[in-house]
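Enquirer: The residues making up each chain are set out below.
Number of protein chains: 2
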Amino acid sequence: MKKLILSLAALAAAGICASAQQALGPGTGLVSPEINPDHSVTFRYVNRKAITVKVTGDFLENQRVPAEMTEKDGVWTYTTAPLAGELYSYSFIVNGERTFDPSNIYRNRDVATWTNIFTLSAEPGDKGWYYETHDTPHGTVSKVWYQSPTLKTYRRMSVYTPAGYEEGKGKYPVLYLLHGSGGDEDAWLDLGRTAQILDNLIAEGKAKPMIVVMPNGVYYNQAAPGADKNMFQPTMANSRSDSTVEIEESFPDVIKFVESHYRVAKGQYNRAIAGLSMGGRQSSAISRHYPGTFGYVGMFSGVVVANGDNDPALKAQFDAKPKLYWIGVGKDDGVKRNSVILRDYCVEKGYPVEYYESDGGHIWRNWRVYLTIFAQKLFK
Amino acid sequence: MKKLILSLAALAAAGICASAQQALGPGTGLVSPEINPDHSVTFRYVNRKAITVKVTGDFLENQRVPAEMTEKDGVWTYTTAPLAGELYSYSFIVNGERTFDPSNIYRNRDVATWTNIFTLSAEPGDKGWYYETHDTPHGTVSKVWYQSPTLKTYRRMSVYTPAGYEEGKGKYPVLYLLHGSGGDEDAWLDLGRTAQILDNLIAEGKAKPMIVVMPNGVYYNQAAPGADKNMFQPTMANSRSDSTVEIEESFPDVIKFVESHYRVAKGQYNRAIAGLSMGGRQSSAISRHYPGTFGYVGMFSGVVVANGDNDPALKAQFDAKPKLYWIGVGKDDGVKRNSVILRDYCVEKGYPVEYYESDGGHIWRNWRVYLTIFAQKLFK
Numbered sequence: 063m064k065k066l067i068l069s070l071a072a073l074a075a076a077g078i079c080a081s082a083q084q085a086l087g088p089g090t091g092l093v094s095p096e097i098n099p100d101h102s103v104t105f106r107y108v109n110r111k112a113i114t115v116k117v118t119g120d121f122l123e124n125q126r127v128p129a130e131m132t133e134k135d136g137v138w139t140y141t142t143a144p145l146a147g148e149l150y151s152y153s154f155i156v157n158g159e160r161t162f163d164p165s166n167i168y169r170n171r172d173v174a175t176w177t178n179i180f181t182l183s184a185e186p187g188d189k190g191w192y193y194e195t196h197d198t199p200h201g202t203v204s205k206v207w208y209q210s211p212t213l214k215t216y217r218r219m220s221v222y223t224p225a226g227y228e229e230g231k232g233k234y235p236v237l238y239l240l241h242g243s244g245g246d247e248d249a250w251l252d253l254g255r256t257a258q259i260l261d262n263l264i265a266e267g268k269a270k271p272m273i274v275v276m277p278n279g280v281y282y283n284q285a286a287p288g289a290d291k292n293m294f295q296p297t298m299a300n301s302r303s304d305s306t307v308e309i310e311e312s313f314p315d316v317i318k319f320v321e322s323h324y325r326v327a328k329g330q331y332n333r334a335i336a337g338l339s340m341g342g343r344q345s346s347a348i349s350r351h352y353p354g355t356f357g358y359v360g361m362f363s364g365v366v367v368a369n370g371d372n373d374p375a376l377k378a379q380f381d382a383k384p385k386l387y388w389i390g391v392g393k394d395d396g397v398k399r400n401s402v403i404l405r406d407y408c409v410e411k412g413y414p415v416e417y418y419e420s421d422g423g424h425i426w427r428n429w430r431v432y433l434t435i436f437a438q439k440l441f442k
Numbered sequence: 063m064k065k066l067i068l069s070l071a072a073l074a075a076a077g078i079c080a081s082a083q084q085a086l087g088p089g090t091g092l093v094s095p096e097i098n099p100d101h102s103v104t105f106r107y108v109n110r111k112a113i114t115v116k117v118t119g120d121f122l123e124n125q126r127v128p129a130e131m132t133e134k135d136g137v138w139t140y141t142t143a144p145l146a147g148e149l150y151s152y153s154f155i156v157n158g159e160r161t162f163d164p165s166n167i168y169r170n171r172d173v174a175t176w177t178n179i180f181t182l183s184a185e186p187g188d189k190g191w192y193y194e195t196h197d198t199p200h201g202t203v204s205k206v207w208y209q210s211p212t213l214k215t216y217r218r219m220s221v222y223t224p225a226g227y228e229e230g231k232g233k234y235p236v237l238y239l240l241h242g243s244g245g246d247e248d249a250w251l252d253l254g255r256t257a258q259i260l261d262n263l264i265a266e267g268k269a270k271p272m273i274v275v276m277p278n279g280v281y282y283n284q285a286a287p288g289a290d291k292n293m294f295q296p297t298m299a300n301s302r303s304d305s306t307v308e309i310e311e312s313f314p315d316v317i318k319f320v321e322s323h324y325r326v327a328k329g330q331y332n333r334a335i336a337g338l339s340m341g342g343r344q345s346s347a348i349s350r351h352y353p354g355t356f357g358y359v360g361m362f363s364g365v366v367v368a369n370g371d372n373d374p375a376l377k378a379q380f381d382a383k384p385k386l387y388w389i390g391v392g393k394d395d396g397v398k399r400n401s402v403i404l405r406d407y408c409v410e411k412g413y414p415v416e417y418y419e420s421d422g423g424h425i426w427r428n429w430r431v432y433l434t435i436f437a438q439k440l441f442k
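Which chain is which? The protein sequence lines are A and B, in order.
Quick note on numbering: our numbering labels position 149 of the first sequence as 211, and the sequence is numbered without any gaps.
Quick note on numbering: our numbering labels position 40 of the second sequence as 102, and the sequence is numbered without any gaps.
Treat each hint with caution, since some may be false.
One copy or two, either will do: identical chains are not told apart, so a pair holds if it fits within one copy or between any two.
Pairs of lysine to aspartate or glutamate residues, derived as DMTMM-like cross-links and limited to a Cα-Cα distance of at most 20 Å, are as follows [said to hold, decoys possible]:
no. : residue 1 : residue 2
1   : 318       : 229
2   : 442       : 290
3   : 328       : 315
4   : 231       : 321
5   : 291       : 197
6   : 291       : 194
7   : 214       : 197
8   : 291       : 96
9   : 318       : 308
10  : 111       : 308
11  : 291       : 266
12  : 291       : 185
13  : 111       : 159
14  : 116       : 159
15  : 189       : 290
16  : 291       : 188
Source of the hints: derived by calculation from the structure; they are not laboratory data.
All figures in this text were calculated on a predicted structure; none of them were measured in a lab.
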């Protein structure tokens, strides 16, 4: 995946046919971004009228200081330093207004923000490599509706079944993977690259084949935008605590549906739960609320706590002998303190806990890494 | 689905948390678009520096003449006339530059163009109503990879299985539904609203429960952008004829995979094939190339022809007694002539053909309608 290939001839053909489907947009025939042989990246943008054009994104050391693009014959360009393998987000800033790269259709939505993205792999096995599709067998991703008796509504979940599931007869363990506030059942797939990460880890023999269930964790929605019966503008307001309580109470509906509709190996050592941010809190709370249900628990930048000085639910959870209680957080994350308090509490009580501290903050770049690490520890 | 609800309180909460996940974008706290009780629609946009702001979209009689938005206190607004039920696309034009409505995350990509969208239903059963999610059982949509021995690569298809498929043991007929040039296996779901249309038609008893298979119809890609192993900028260049020949030759790989992985009723009267534009040509060609395979054939704005004055393949196809040979096209469609020639040829030869002519041109608005009509005629 080295280049966005877009020949002028192809573009011309598209232009000729543009009236055929809906009109093509402001495509310019440029290649942008172009990933160069040294893994630097060149952005290009055509605008003869602009006074200033800048590019910002998470390839920069400091996104608050966008890079100035330089103009020649109406084409603005900027080339980065060589970059490490990663999924990167970026935007152009034209005369002070944030806009998209019209030459790049790859865009992700995070809560209510769309940005351009690209992936880059500098060498096999780096982070970017895990987020890309390779010539290996691929799992299936399904959008599945179930009826929640507790929430009294149809709700949607995403389900990843590993390569071979359809052809075989075996039973599989399940990872329940929860999104953050403002997210939905698409988030771990679109922003988290879950299907690619699992495909690649499983193909390499680094993770056990498993089913990954990604439910919608906002009780007052049914589904992601576009599938929900209402149009709504997502916000992070659903991080308020009552949203997670409803999900905790209704979570057995999810497990019951999955275990009656898929070939699932049962028992706590075939069940893992993990989530990011709000989903980390939900993973902590659900696994504590139903002790002995999950043998593996992952809290990624979770807003997690022990319930007071002597948490009987957490004691009951550890009395049931989970195999893994894993806390991952970035050293610059605003909620790091919660993770540290919970870790220290577990250490004090003699509960086995794994703590992983990365660079960086409360960002998807970290959550993809935590999933990659966590998935390799499961069901072994 | 009457309003995009976005309270200022929620937005403020989102703003407070914006540093938590990736930064929120230029959300303004406005509701846009707002669907009013009379089914007019109000667009709103905040920009204190702009000199002109216009809105264009397919709600206008003539999209070449955008509507002028008017400004008060930095908020630009425009209210449409009352609109009929439909899925609408629109863009803002700020100082002559096309941009997005930052208050509306709903966006569709058509080939290489992203636009804002919204759905509107003025009354139950209108077009917009069929494109929305209602409180009925829902089918499952899966992204499935298969190995194509003919094309010697992994390829991806989208599969809709109707509500009840997972719980039951019965066998289902299959509609193979093909996209146009520049499209992919996501197009019929995202732009065509296939899952919603089928869910609603089946729930009403107007269509038979069926599986819908939407393969990728571009032989040199594996999958849609984001899932393919290469990043690529889609163009309509793949409408060239060799692209469709490869798909015709490899189509048995698709059928074989589907019939060995799903509970499928076999025989031509349990198989339908339809497609739009390039996919219409492919449907015409594949059904002719494999006579007796498809009992139902739909060509939506298809670039279709009879092969010369005496088409033996078409004769063989009709000798096998298909139940339906359906041609749909818009009266303003640039490829209408092809449809008329094929229809007239069939009439001359005494082949039973159904011809449906709608208003409008070569656009998704028509293809959604053709699918809605065609699906009701299948497997009865």
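Enquirer: Against which earlier hints does the structure fall short, listed by number upward?
Expert: 2, 10
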